[in-house]
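Participant: Turn these sequences into a full structure, and let the hints steer you where they fit.
If you want the building blocks of each chain, they are given just below.
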Amino acid sequence: MMRLLIVGTVPVVDLPLACGEVHREGQMLKIGETTLAGGQGTGAMLGAALAVTEYLKLDPPWAVVAGDIGGGAGSRAVYEYLIENIAALAPEILALHYCLPDMMLMGSLCRQVVGLAARPMLLADAGAMYAAKAAGLAGDFDVFTPDLSELAFLADKAATHPAYISRHLFTTEAARIPELAIAAYRDRNAARLLLVKGATDYIFRDGDLMARVAAPDVPALEAIGGTGDTITGLTAGFIAAGLEPHQAALFAARTNRTAGELAAVTPASRVPELIAGFPEVFRAHLCAWSGICTWPHNLSEGD
Amino acid sequence: METIDARVLPCPQPVVRTKKALERAPGEPVTVLVDNPESRDNVSRFARSQGCAVAVREADGGFYLDITPESTPAPAAAEGGGGVVLITDYRFGTGDERLGEILMKAFLNTLWDYDPKPAKLVFVNYGVRLTTEGSEVLETLALLEKKGVEVFSCGTCLEYYGLGEKLKVGLVSNMYAIVDVLLSASKVVRI
Chain A
1 MMRLLIVGTV PVVDLPLACG EVHREGQMLK IGETTLAGGQ GTGAMLGAAL AVTEYLKLDP
61 PWAVVAGDIG GGAGSRAVYE YLIENIAALA PEILALHYCL PDMMLMGSLC RQVVGLAARP
121 MLLADAGAMY AAKAAGLAGD FDVFTPDLSE LAFLADKAAT HPAYISRHLF TTEAARIPEL
181 AIAAYRDRNA ARLLLVKGAT DYIFRDGDLM ARVAAPDVPA LEAIGGTGDT ITGLTAGFIA
241 AGLEPHQAAL FAARTNRTAG ELAAVTPASR VPELIAGFPE VFRAHLCAWS GICTWPHNLS
301 EGD
Chain H
1 METIDARVLP CPQPVVRTKK ALERAPGEPV TVLVDNPESR DNVSRFARSQ GCAVAVREAD
61 GGFYLDITPE STPAPAAAEG GGGVVLITDY RFGTGDERLG EILMKAFLNT LWDYDPKPAK
121 LVFVNYGVRL TTEGSEVLET LALLEKKGVE VFSCGTCLEY YGLGEKLKVG LVSNMYAIVD
181 VLLSASKVVR I
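Chains as they are written, first to last, in the numbering used here: chain A, 1 to 303; chain H, 1 to 191.
Not everything, but these chain A residues come out facing chain H in the computed CB check (under 8 angstroms):
id, residue
1, Leu56
2, Ile182
3, Leu286
Simulated restraints on C-beta separations:
id, chain 1, residue 1, chain 2, residue 2, range
4, H, Leu138, A, Arg24, 41 to 47 angstroms
5, A, Ala175, H, Tyr161, 38 to 44 angstroms
6, A, Ala118, H, Glu133, 24 to 30 angstroms
7, H, Lys147, A, Ala118, 17 to 23 angstroms
8, A, Ala118, H, Leu138, 18 to 24 angstroms
9, H, Ser49, A, Lys57, 21 to 27 angstroms
10, A, Leu209, H, Glu70, 32 to 38 angstroms
11, H, Leu171, A, Pro216, 49 to 55 angstroms
12, A, Asp59, H, Glu136, 33 to 39 angstroms
13, A, Gly32, H, Glu23, 30 to 36 angstroms
14, A, Ala73, H, Tyr161, 50 to 56 angstroms
15, H, Lys20, A, Lys30, 25 to 31 angstroms
16, H, Asp96, A, Gly32, 48 to 54 angstroms
Quick list of in silico lysine-lysine cross-link-like pairs, BS3-like style, CA-CA up to 27 angstroms:
id, chain 1, residue 1, chain 2, residue 2
17, H, Lys166, H, Lys146
18, H, Lys20, A, Lys57
19, H, Lys19, A, Lys57
20, H, Lys147, H, Lys20
21, H, Lys20, H, Lys146
22, H, Lys187, H, Lys146
Worth flagging that the hints you see were computed from the coordinates, not collected in a lab. All figures in this text were calculated on a predicted structure; none of them were measured in a lab. Where is the CB? At the ideal position from N, CA and C, for every residue including glycine.
Facilitator: As structure tokens, then:
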């Protein structure tokens, strides 16, 4: 329903910038002629968002990606491409993911976005979220999806990167999440909505705790790289489907957990196994979660 | 009148699209086309919960749902039954000052999302900091005002805090008017 643009880098040497609709080819993703693995990072986020749009019969997400193994060239290419083309791309939801945190380029991008006639909804995770916070632009964003240590970074007004958190790095405990979230809001270092991903997922809006999701409890998900990225991708996908951000975040947290339980994941499992189970979770639960379903759903029924 | 083709769309998409269409054009009728009884029932139930009348026509192997808002969206005063929220501070509750500010922002933003809305918001004493320059909730208050919620700030309070020239949303009020608003309200919630 809404045009979703997901932006990030992938750890591939010399992968040139690609921009286009995202499609699935087996366990791989295609953006134009570019093929990406969907197992981790921005690939996992794209794969999860695509699962939502495929199931709900929406247009596929668009993506802007480039390779970057830490040198920064790919991240700069992505930022510069967006700054130049954001008006023509005209996303309704702009989701920024793994990019080296460049405060100056993030500042330029945000100025472009805020100046658009139709300002898109802004979501950030990972490096883009670090850059937004460090540049003092968190308040321009609608959704952040940090994990616990990233929340500690948002709560530490002096830190410019999660590696430089002054107090919380080794002392963070899940019980302190509300306190850290309030600190992030107090210093204007939080987006309007925070989805804090972890053993228990927390959803805050404007500093107000909207929901906690702890069930089903699937500890193995914590050990699998990319399962936080899938929650972010699911959230972006559900927002694109027209759900309110807090509802999208709630559905995303539930979907990840339920798919993990369904697939009986272990620490050795990979993200594509999780994503493969999303359609079944949607079929079984989405209607009931929305609070409007009148008929029971059967796991084996078709689309 | 907008027509939504929600055939083949899985739940909850037919309802989400209906909701968006009703939000796009408040008070305007919408026709929704669905192809299964489940979607028919879900969309009908949702529309009725929003105060709309629903007429179902079966045709072309599907269901046409003619959704008509029962009345033009009423101003908030009528929706809320004349409720008044009296806000006496820029913070919500006692305790940590900044937490109180965050909670107040959350309260007003939630008020924007909540229906029915109150008829009036009355700001007195430190509360007038919320309606004046530098407040973080001006946009929310302006949206509430557009939705029909009347916003009043105590004139004496504005002058006392040197904010007389800095009012950004709503009207200046006096104590007579505030007493009248409070005593004629069906209910008053004090924050």
